[in-house]
Structure formats: C-alpha cells, structure tokens
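2 protein chains.
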Amino acid sequence: MIKIHHLEDSRSQRILWLLEELGLDYEVIRYERDPQTRLAPDALRAIHPLGKSPILEEGGVIVAETGAIIEYVIDTHGAGRLKPAAGTAEQRAWTYWMHYAEGSAMPPLLMKLVFQMLPQNANPLVRPVVKAITSKAENGFIDPRLKEHIEFWENSLASTGWFAGSEFTAADIIMSFPLEAAASRSDAGQYPNISGFLTRIHDRPAYKQALERGGPYAYA
Amino acid sequence: MIKIHHLEDSRSQRILWLLEELGLDYEVIRYERDPQTRLAPDALRAIHPLGKSPILEEGGVIVAETGAIIEYVIDTHGAGRLKPAAGTAEQRAWTYWMHYAEGSAMPPLLMKLVFQMLPQNANPLVRPVVKAITSKAENGFIDPRLKEHIEFWENSLASTGWFAGSEFTAADIIMSFPLEAAASRSDAGQYPNISGFLTRIHDRPAYKQALERGGPYAYA
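Sequences listed follow chains A and B, in order.
Just so we're aligned, residue 1 is where the first sequence starts under the UniProt record's numbering, counting upward by one.
Just so we're aligned, residue 1 is where the second sequence starts under the UniProt record's numbering, counting upward by one.
The reader is advised that the hints may include incorrect statements.
Repeated chains share a single entry, so a pair holds when one copy, or any two copies, can fit it.
Computed cross-link-like contacts, DMTMM-like style, restricted to lysine to aspartate or glutamate with a CA-CA straight-line distance of at most 25 Å [stated by the list, open to error]:
| no. | residue 1 | residue 2 |
| --- | --- | --- |
| 1 | K83 | E58 |
| 2 | K83 | E57 |
| 3 | K83 | E154 |
| 4 | K131 | D143 |
| 5 | K3 | E90 |
| 6 | K131 | D75 |
| 7 | K136 | D34 |
| 8 | K3 | E57 |
| 9 | K147 | E32 |
Please keep in mind that the hints were generated in silico from the structure rather than gathered at the bench.
From a predicted model like this one, the values you see are computed outputs, not experimental measurements.
When you get a sec, could you build the whole thing from the sequences and use the hints?
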C-alpha cells in the first residue's frame, strides 16, 4: 500500500490528486505545520532528512521531491496513463513542465511570498523603510519576472487548454500549484486560459476527492 | 548538430560538460549578460519565450530547463551512459537528484544571493536598517535551511562519493552547480565529502574541456 506523508496546506496535495486520478489505494499520514513558524514538524525528518513534504513510501521504498514522486508513480502504476508516448513532442513537453514547475516557476513565487512577509515581520519603527525596499524589489525585479511566466503559461495553454498535448496529463497536475499560487498572489487568475484551466481542474472528481482526503489547502 | 544557447557565467555550463562527457559534437552560441543588471540579453527570447539559458536546439527541436535538457540528451544520445538502469534504486536516486537540484537546492541559494545584494543596492542612508533586516532573515531562516541541505549532500556522498550509485552519472553533473554555488557563498567547501566531490569533478578532462568551450564561469 502506498503511504503519503502529507503536510497540511502544501504542495503535496498534488500527489494525492495524482493517486486519485489513477484510482490507486493509498494511506494519508497527515502532519500539521508549527502554528508560529508555519514550518513542517520535526516528525517528517524521521522519514527523510530534509523533513519536507510530500514523501511517498511503498514497500520500503522512500521517494521525495514532487517531480520524482510523480515520475515514480507513473512508471510504477501508471500503465501508460497521464504521460504521452516516449519519443513524441508531447512527451518532451511533459518532461519540460515536470522540471519547470518547481525549478523555474516556483522561485519567483517563493520570492514574492518572502518579500510580502518581510515588512509584516519587521519592527513597527522600521517597517516603512522595509516596505519601501521590498516594494522596490517587487516592482523592479520580481513582478516583471512573474509576469513573463504568467504570459508564458497563458500562451502555452492557448492551443489545447492543457500543458502537454491535447489530453490531461500529470504535467497539468504538477503545473497546477504554480498557477494556483500565482492566482492567489497576483492577477494571474484574470488571464482567460489560466482561469479556464483552473476551473477545469477544480471540477475534476479526482481533484475534489483528493481535497477531501488531504484537508484544507492554502497554496502555501 | 546540437546547438547550445549558452549564457556566460551561468548554470548552462553543466550542459556543455554533459556533452563533453558523452563525446558529442556541438556548437556553442554564446550570450553575454547585461553589464548593469546581469540579466540575460533579449536575444535569448527569440529562441525560447522566457529568454533563459541553457537552451538546446537540434534538428528543429528546442529544449529548455536544465533537467529536461539532460534527460533529452541522455535519452537521445546517451546509449545507456551516465544513467543507472531502469527500475533500480540507483535510477530512483538519479531521478530524485535530477529534480532536487533545481527544485529544492537552488531556491535557498538564490534567496541568499538576493539577501546579500539588497543592502549593497540600498540608499546609503537606510543601508544599516536594510542590513539588519536581511541579516536577521539570513541567520534566522535561510542559513539554517542551507545548512540542512549541505549536511544532506555531505551524508549522501559518504558511501560512494557520487550521488546516484557507485559510478559517476548525470546526477553528479546536475548537482555540481548547487555544490559549487554553496561553496562560494558558505562554508560548504569545508565539508570533506563535498570538497572531495568538487576536486574530483574539476579534475575530469570533460569538465575542463567544457570550461574552455564555455568561457569564464562564476557560479551565478
């Protein structure tokens, strides 16, 4: 039986969704964030040294890192589903998004989150100065980068509505999180193709079922 | 013929190294950073919408994103080299590092770089305040995360000296950049297994040959 070590409000929601799409049996082991720091609890470190969720466990095999877990699940239990055939342009696109989602799309989103939190956590006396500095960095550097990514997603979805070819695949699952996070922190949700994509994935029965298994989810 | 769109001083050095290890013919198309912003030039956007290096071009196929390029090269030209056999624990480790290097290792290193630059770019009047804020974030959040990653690399290298099994593979190529960047921005180079790894890869003829083809390289 597959076990998923799942941190509340986290990127690991995607793995539950993948397992639901494939109709696989799995057990969710839930972890809660520290109420003050919002970090993962130390208990996760007993499973994998970095103590980050998601972690998959199956028959003594431990797999961490969202992209690697998706590849493991598809290779082991996918039976050809949710991934285009080897050697096709669609499969190259699939592999691209599998790396791009965490490697390129998430860093500017993480940076934006950190820069929005810095003034809130600063001493009230210096908060205006901190706010001025972080706003300058956001406006001058982070937001323009983020806009490039958002326009890239919008254009990439234009032809079929999905990221890797004409069918829904695991590339859409891994890309869901950057799109959801961007829609919650910017105007990304006002782009028609992105908005349509989010509506279509949120309507999928497997997505809804995974949310019920995983509990509240805040795109953190 | 493979063409590599290569930005000076960048992560794309790894792709040149991979091609040298496999003994493949390739052409390097060099791009220089803007001397003021250090960003990639707009010319790269004509090749791929995000305008980021590296980008591989071969027979009309365009592949971006370091991890995806490595997978493409190994699948297309690897002939079984630099990747462990399918279905083995070593191959699972290989896939893990292929995703981890950019998805998990680079974000704290990028954050550290940005937080070190913020005070330098601030107005001298407020620089002490900015320095106090960024130091607090570095000491309280970024450096502890980075230390966890460094210790994880050190332990992962302990048994064989390589990341995915007992032989040198492309997992070592993709992991080279976080280790080199961490050694230049922290005390990572003082850990014996990390230091030994860096010495061994820098001694490889293919690494040296790729440096000659790519030009100066500053782990940016």
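Results for each hint:
| no. | hint | verdict |
| --- | --- | --- |
| 1 | K83 - E58 | both (21 Å within a copy, 23 Å between copies) |
| 2 | K83 - E57 | both (22 Å within a copy, 23 Å between copies) |
| 3 | K83 - E154 | within (21 Å within a copy, 34 Å between copies) |
| 4 | K131 - D143 | both (15 Å within a copy, 23 Å between copies) |
| 5 | K3 - E90 | between (30 Å within a copy, 21 Å between copies) |
| 6 | K131 - D75 | neither (47 Å within a copy, 48 Å between copies) |
| 7 | K136 - D34 | between (31 Å within a copy, 20 Å between copies) |
| 8 | K3 - E57 | within (5 Å within a copy, 40 Å between copies) |
| 9 | K147 - E32 | between (32 Å within a copy, 23 Å between copies) |
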